[in-house]
Amino acid sequence: MAAQTSIRRKLRARRKVRIAAGERPRLSVFRSSKHIYAQIIDDKNGTTLAAASSAVVKSGNKTDTAAAVGKALAEAASARGVKQVVFDRGQYKYHGRVKALADAAREGGLDF
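Residue numbers (the UniProt record's numbering): 1 to 112.
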C-alpha cells in the first residue's frame with residue numbers, strides 16, 4: 001500500500017514537471033538512506049546530459065554532501081552547455097537534502 005502511494009505521489013509531481021518543462025531538460029533527484037543522486041535528463045531524446053551522486057562526492061554530513069552533489073551537477077551541466085532546467089523532486093518533499101541539492105545547483109549556475 002505504501003509503495004503505491006509513493007508511486008502515485010512521484011507520478012503526480014512528474015506530470016506537473018513535464019507540463020511546465022517545455023523545452024527544458026529535467027533535473028531528477030533520487031534519495032536513498034545513504035546516498036543522493038541527481039541527473040539532468042533530456043526527455044525528448046531519452047538521454048542523460050549530466051549526473052552526480054554522493055557515492056563519488058563526500059563532504060561531511062548528508063546535507064553537506066547533497067550540497068556538494070548539487071554543485072558538482074551544476075559544473076557538469078555547464079560543461080555540457082545546459083543552463084536552464086526544471087526541477088523534479090520526485091516523491092520527496094522540498095526540504096533537507098533535496099533543498100540543499102537544489103540551492104547548491106542554483107548557486108552553481110543552473111536556472112530553475
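Note that these hints are calculated values from the structure, not bench results. Incorrect hints may have been included.
Said to hold, decoys possible - Below, simulated EDC-like cross-link-like pairs (lysine to aspartate or glutamate); rule was C-alpha separation at most 20 Å, straight line: (1) K99 - D111; (2) K58 - E75; (3) K83 - D64; (4) K62 - D103; (5) K83 - E107; (6) K93 - D103; (7) K83 - D43; (8) K58 - E107; (9) K62 - D111; (10) K16 - D111; (11) K93 - E75; (12) K44 - D64; (13) K83 - D42.
Quick rundown of the hints versus the structure:
no.	hint	in the structure
1	K99 - D111	holds (15 Å)
2	K58 - E75	holds (16 Å)
3	K83 - D64	violated (23 Å)
4	K62 - D103	holds (15 Å)
5	K83 - E107	holds (12 Å)
6	K93 - D103	holds (14 Å)
7	K83 - D43	holds (16 Å)
8	K58 - E107	holds (19 Å)
9	K62 - D111	violated (24 Å)
10	K16 - D111	holds (18 Å)
11	K93 - E75	violated (25 Å)
12	K44 - D64	violated (32 Å)
13	K83 - D42	holds (13 Å)
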